[in-house]
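Protein chains: 2
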Amino acid sequence: MTEHKHEHKQSHEAMVQDMIHIMSQHGWRITEQRKKLAEIFAKADGYLSPKDVYDQMTVNYPNVSFDTVYRNLRLLSEMGALEQFYFMDGGLKFRASCTEHHHHHLICVNCEKTLTFDYCPMEQSLHLPGSFKIMNHRFEVYGVCEECQNPNAKS
Amino acid sequence: MTEHKHEHKQSHEAMVQDMIHIMSQHGWRITEQRKKLAEIFAKADGYLSPKDVYDQMTVNYPNVSFDTVYRNLRLLSEMGALEQFYFMDGGLKFRASCTEHHHHHLICVNCEKTLTFDYCPMEQSLHLPGSFKIMNHRFEVYGVCEECQNPNAKS
DNA sequence: GTAAATGCAAAGCGTTTGCACGCGG
DNA sequence: CCGCGTGCAAACGCTTTGCATTTAC
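So the sequences go chain by chain: A and B. Under this note's numbering, the residue at position 40 of the first sequence is numbered 65, and the numbers go up by one with no gaps. Under this note's numbering, the residue at position 30 of the second sequence is numbered 55, and the numbers go up by one with no gaps.
If you are wondering where the hints come from, they were derived from the structure by calculation, not from laboratory data. It cannot be assumed that every hint is accurate.
Identical copies go unnamed one by one, so any copy, or any two together, can satisfy a pair.
Straight line, CA to CA, 20 Å or less: simulated DMTMM-like cross-link-like pairs of lysine to aspartate or glutamate [unchecked claim]:
1. 76 with 114
2. 60 with 92
3. 60 with 143
4. 61 with 103
5. 158 with 70
6. 60 with 43
7. 158 with 172
8. 158 with 143
9. 158 with 171
10. 158 with 137
11. 158 with 92
12. 76 with 125
13. 76 with 57
14. 68 with 108
15. 76 with 64
16. 60 with 70
Could you put together the complete structure from these sequences and hints?
Okay, here's the thing in structure tokens:
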């Protein structure tokens, strides 16, 4: 119902359509499970573990299997619709890909809600040791989000 | 032999002694395997996976078991003698802890040799979104080290 | 109708645990 | 000589694979 627009974040509906479109483009069949998968990630404002996704899937498709979840998560990552990410504890999580621009993440260590920000340390005239050919980097900030700081947020 | 001096990196010998000292301090027994573990990490100039450590251990202790390696790696991490770290692929690795100062890492994606550097993006007046209470951060740069760039480095 | 996607079960991998023996203190 | 540390084996959690059935196209 709520038609949110000119934000840099597109509407849930549009995100779902985008992901479904990507899947068709790659010659994939649009199954109910994959539609649901797209919806789950469109709604989520943070990272989801395979288990999280599975749990949300089972609400509508009680007999979905774990391997279907994994299969589709991997396929969606490979084609860039999802970002996959190993958290500090080594756990694998996924989130809808922001393909628009380079950014980094501010992640709530409690609820794992994730905000993006544009500052990138690599844009500084960074003096690095050795003579490495730089390929890649990783920068994340971990903290407690406002809601999780607030005690009135009943557990 | 080499009397380590004002370098921030101490000699292998001293590192081994430090780690052994830490273990005694915590009431641990100094077994041959644990001595060897200390030597392995003193010699390594990058991160080692449990498998790497196991492989090096078996050279001298052919019937060492994987669980002993894991147990000691975990214990050494818990007491701060080792840093543990999940790589971008989610694989767990360990390296001798630099307890001296805050730093970040430049990691060779080929050989995983690791250099440390002092620049820290959090020291900038970093404008972050939301009102998170910052707890932690992670910053790593990945590249190819000079040796791995050089074709004359025979495989 | 045909090939792809699913669900089930079983295997795979990395890591942990329980227990009897061996060794450090 | 007491008890921690070890090695073996088995369990564990997470992820992947093989195969028959179901489903999208």
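Hint check:
Both within a single protomer and between protomers do residue 76 and residue 114 lie at most 20 Å apart by alpha-carbon distance, with minima of 15 Å and 19 Å respectively. Within a single copy, residue 60 and residue 92 get their C-alpha atoms as close as 16 Å, which meets the 20 Å cut-off; across copies the closest is 43 Å, which misses it. In this homomeric assembly, residue 60 and residue 143 never come within 20 Å of each other (Cα to Cα): the closest approach is 30 Å inside a single copy and 46 Å across copies. Proximity of residue 61 to residue 103 under the C-alpha cut-off of 20 Å is restricted to the intra-copy arrangement: shortest distance 19 Å within a copy versus 41 Å between copies.
Taking the shortest alpha-carbon separations for residue 158 and residue 70, only the inter-copy value of 18 Å comes in at or below 20 Å, while the best intra-copy value is 34 Å. For the identical chains of this complex, residue 60 and residue 43 are intra-copy neighbours only, at 11 Å inside a copy versus 56 Å across copies, given an alpha-carbon limit of 20 Å. Taking CA atoms no more than 20 Å apart as the test, residue 158 paired with residue 172 passes between copies only; the shortest distance there is 11 Å, against 41 Å inside one copy. Proximity of residue 158 to residue 143 under the C-alpha cut-off of 20 Å is restricted to the inter-copy arrangement: shortest distance 19 Å between copies versus 23 Å within a copy.
When the C-alpha separation of residue 158 and residue 171 is checked against a cutoff of 20 Å, the pair qualifies only between copies, where the shortest distance is 8 Å, while the shortest distance within a copy is 39 Å. Within a single copy, residue 158 and residue 137 get their C-alpha atoms only as close as 33 Å, which misses the 20 Å cut-off; across copies the closest is 13 Å, which meets it. Proximity of residue 158 to residue 92 under the C-alpha cut-off of 20 Å is found in neither arrangement, the shortest distances being 38 Å within a copy and 37 Å between copies. Proximity of residue 76 to residue 125 under the C-alpha cut-off of 20 Å is found in neither arrangement, the shortest distances being 27 Å within a copy and 39 Å between copies.
Taking the closest pair of Cα atoms, residue 76 and residue 57 come within 20 Å of each other only inside a single copy of the chain (19 Å); across copies the shortest separation is 42 Å, beyond that limit. With identical chains, the CA atoms of residue 68 and residue 108 are at most 20 Å apart within one copy only, with a shortest distance of 15 Å there and 36 Å across copies. Taking identical chains as interchangeable, the C-alpha atoms of residue 76 and residue 64 lie at most 20 Å apart only when both belong to the same chain, with a minimum of 16 Å there against 40 Å between chains. Proximity of residue 60 and residue 70 under a CA criterion of 20 Å is satisfied intra-copy only: 18 Å inside one chain copy versus 47 Å between copies.
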